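Here is what each chain is made of, one letter per residue.
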Amino acid sequence: MKKYVLDLTVVSVEQIHERYVLIKLTDVQPLPEMLPGQFVEVRVDGSPSTFLRRPISIHYIDKVNNQLWLLVATVGEGTRWMASLHTGDVVNCVLPLGHGFTMPRQTDEKFLLVGGGVGVAPLLYLGAEIRRMGGEPTFLLGARSAKDLLMLDEFRKYGQVYVTTEDGSAGEKGFVTGHSILSQERFSHIASCGPTPMMKAVARYAHQEDIDCEVSLENLMACGLGACLCCVEKTTEGNLCVCKDGPVFNIKKLLWQL
Amino acid sequence: MAALNVRIGALELKNPVMTASGTFGYGLEFADFMPLDGIGGIIVKGTTLKPREGNDYPRMVETAQGMLNCVGLQNKGVDYFCEHIYPQIKDIDTNMIVNVSGSSPEDYAECAARIDALDEIPAIELNISCPNVKDGGMAFGVTCAGAASVVKAVRARYHKTLIVKLSPNVTDITEIARAVEAEGADAVSLINTLMGMAIDIERRKTMLSINTGGLSGPAVKPVALRMVWQVAKAVNIPVVGLGGISSAKDAIEFLMAGATAIEIGTANFLDPAISIKVRDGINDWLDSHGCQSVQEIIGVI
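Line order of the protein sequences matches chains A and B.
Heads up: the first sequence runs through residues 147 to 404, numbered per our numbering.
Heads up: the second sequence runs through residues 285 to 585, numbered per our numbering.
Bound-form chain A, shown alone (with noise of 0.2 Å):
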């Protein structure tokens, strides 16, 4: 897929949580086509402290209306600049970047997507492509606590969804892996991004259970293309690029002890 460098201009930084911003990009060009799992590497500008661009998963891409969401977790300098943008500034994005999650070949495949924390971004656009071919995502999402789940409305708009929090303060108590929907249906297809831990167990879970599994990685990047391979992870194939030959891996390739 053919990459560019667009200043892309902000439509809205809405604060949907203490620690979280979604932010709507838009450009008066149509958005390039983009790809459920890849990102865009953010071009952070005016912040004495940080240096390299910052990589961003997509969250959705609203084709109505021409935007890019972003849902960034403001975790340091670059992404609290990012939550300190105005409508009307302009962004520097280098996108769409990377390897995404593969697409269901028949509608009748049953996807489960599993999400964590800030790692539920993806996950979004995911879903929305796999209703929008006719199948049925189903989301479990998990967070520290209620307040913590991000976005629940605009998941329910393309699947059920069934959630758990480590305090039980809303959906099932404990971690994604425990929720009883895994003992109730049968899911061809397990699709999860969030923190390591969460994506292990998953992928352990996927494992035992013999279901076809992809997570998403976030090693730290630097050009985001592949050039620098300083992103790499260890595969059956040896260091991959995580920016280039992922984020989205399939578990059989990882070196994960399962």
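One or more hints might be untrue.
Unchecked claim - No farther apart than 30 Å at their CA atoms in a straight line, the calculated lysine-lysine pairs in the BS3-like style are these:
hint	chain 1	residue 1	chain 2	residue 2
1	B	K360	A	K380
2	A	K390	B	K334
3	A	K390	B	K360
4	A	K256	A	K398
5	B	K561	A	K148
6	B	K561	B	K533
7	A	K380	A	K390
8	B	K374	A	K149
9	B	K298	A	K149
10	A	K399	A	K256
11	A	K293	A	K319
12	B	K561	A	K149
13	A	K398	B	K360
14	A	K148	B	K374
As the list claims (entries may be wrong) - So the derived label-pair ranges between C-beta atoms look like this:
hint	chain 1	residue 1	chain 2	residue 2	range
15	B	I483	A	R277	44 to 52 Å
16	B	H443	A	Q354	55 to 63 Å
17	B	D321	A	Y150	15 to 23 Å
18	B	D564	A	M147	25 to 33 Å
19	B	D484	A	T248	34 to 42 Å
20	B	I494	A	M147	33 to 41 Å
21	A	D235	B	A315	25 to 33 Å
22	A	R277	B	D564	44 to 52 Å
23	B	I494	A	Q354	29 to 37 Å
24	B	D375	A	S326	54 to 62 Å
25	A	Y150	B	Q576	33 to 41 Å
26	B	T455	A	R226	37 to 45 Å
For the record, the hints were derived by calculation from the structure and aren't laboratory data.
All figures in this text were calculated on a predicted structure; none of them were measured in a lab.
Every residue gets a Cβ at the ideal spot worked out from N, C-alpha and C, and that includes glycine.
Starting from the known structure of chain A, arrange chain B on it as the hints suggest.
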């Protein structure tokens, strides 16, 4: 439109802008963003005789106006390069230069000899300055005898333009430059990364898998510029300048300090089309200052 062409030994460059090894892949990764044939040369990833997996993750940490890396020469080896990558890049209409590294003078020479056989690779950049590998790499580049031994071995088996990339992690870089010139290097390029370190104070651990890494980016530019100026005064072969160049202004500083050509490295990560912009910016500056040729500013300091 000023004349931008320069020469490095037998190598003709259409303009003095090249991209630095390890920051521009094999060029192909950047083809969507800029015309690859618009710059004077592309120096592709460090290549070794045998495949190397490189160091463990994490290999990179952002620093003030720069970054540290300890990639450690991950590459699939020279035979893979010749068989699978060379066919994809040989028709790019610019100087495709291979950065060569090794762990002994013999394997540097063997790797160089295999690249010598490739018609469309007119030059190599010999990396005697990688700070991130235990065997070889910078070990050769920090002593005159070590640097000379590698260049001598390679020169005996490599017949095209030989550029030697120098380490800044030395007491006197001009001595090393003179040593490689004496063994027949056609040019020197400098600087490779400056050895550095970063610590995560909450975890009380270093932030790179091998503790130390090479610093690049704007943070190193003044050091690089000073060394280019010193080396340009010390040797009679062309100097290729690099280290934190992010704009045409930076590039012109290096040219004025005595560099015949420049390489853009880490800046490619911030703007994948930066090298073309630097080329255009050099041209604009020359035009606006009434210069007919880039030669008029090289080494004026």
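For each hint, the structure was consulted:
For the proposed pair B:K360 and A:K380, the alpha carbon gap of about 15 Å is at most 30 Å, so the pair holds. Between A:K390 and B:K334 the CA atoms are separated by roughly 24 Å; this keeps the pair inside 30 Å, and the hint holds. This hinted pair checks out: A:K390 and B:K360 have alpha carbons roughly 17 Å apart, not beyond 30 Å. Only pairs whose Cα atoms come within 30 Å are accepted, and A:K256 paired with A:K398 is accepted, the gap being roughly 19 Å.
For the suggested pair B:K561 and A:K148, the alpha carbons sit about 20 Å apart, so the restraint of at most 30 Å is met. In summary, the hint linking B:K561 to B:K533 is supported, as the alpha carbons are separated by about 11 Å, within the 30 Å threshold. Between A:K380 and A:K390 the CA atoms are separated by roughly 14 Å; this keeps the pair inside 30 Å, and the hint holds. Straight-line distance between C-alpha atoms of B:K374 and A:K149 comes to about 23 Å, which keeps the hinted pair within the 30 Å bound.
Note on B:K298 and A:K149: the hinted pairing holds, with a Cα-Cα distance of about 27 Å set against a maximum of 30 Å. Straight-line distance between C-alpha atoms of A:K399 and A:K256 comes to about 22 Å, which keeps the hinted pair within the 30 Å bound. A C-alpha spacing of about 14 Å is found between A:K293 and A:K319, which places the hinted pair at or below 30 Å, so the restraint holds. At roughly 18 Å between alpha-carbon atoms, B:K561 and A:K149 fall within 30 Å of each other, so this suggested pair holds.
Between the alpha carbons of A:K398 and B:K360 the distance comes to roughly 22 Å, so the proposed pair stays at or under 30 Å and holds. Under the criterion of a C-alpha separation no larger than 30 Å, the hint pairing A:K148 with B:K374 is consistent with the structure, at around 22 Å. Separated by about 47 Å at the C-beta atoms, B:I483 and A:R277 satisfy the suggested range of 44 to 52 Å. Checked against the given bound of 55 to 63 Å, the beta carbons of B:H443 and A:Q354, roughly 59 Å apart, stay inside it.
At roughly 20 Å, the beta carbons of B:D321 and A:Y150 sit within the given window of 15 to 23 Å. Range check, B:D564 to A:M147: about 27 Å between beta-carbon atoms, so the 25 to 33 Å window is met. Distance hint check: the CB atoms of B:D484 and A:T248 are about 35 Å apart, consistent with the given range 34 to 42 Å. Against the hinted window of 33 to 41 Å, the Cβ-Cβ separation of B:I494 and A:M147 comes to about 35 Å, which satisfies the hint.
Between A:D235 and B:A315 the beta carbons are some 30 Å apart, a value that agrees with the proposed interval 25 to 33 Å. A beta carbon spacing of about 46 Å between A:R277 and B:D564 agrees with the range 44 to 52 Å that was offered as a hint. Distance hint check for B:I494 and A:Q354: the Cβ-Cβ separation is about 36 Å, which falls inside the suggested range of 29 to 37 Å. Between B:D375 and A:S326, the C-beta spacing of about 59 Å keeps the proposed range 54 to 62 Å intact.
Taken as a hint, the range 33 to 41 Å holds for the pair A:Y150 and B:Q576, whose Cβ atoms sit roughly 36 Å apart. Taking the beta carbon of each, B:T455 and A:R226 are about 42 Å apart, inside 37 to 45 Å as hinted.
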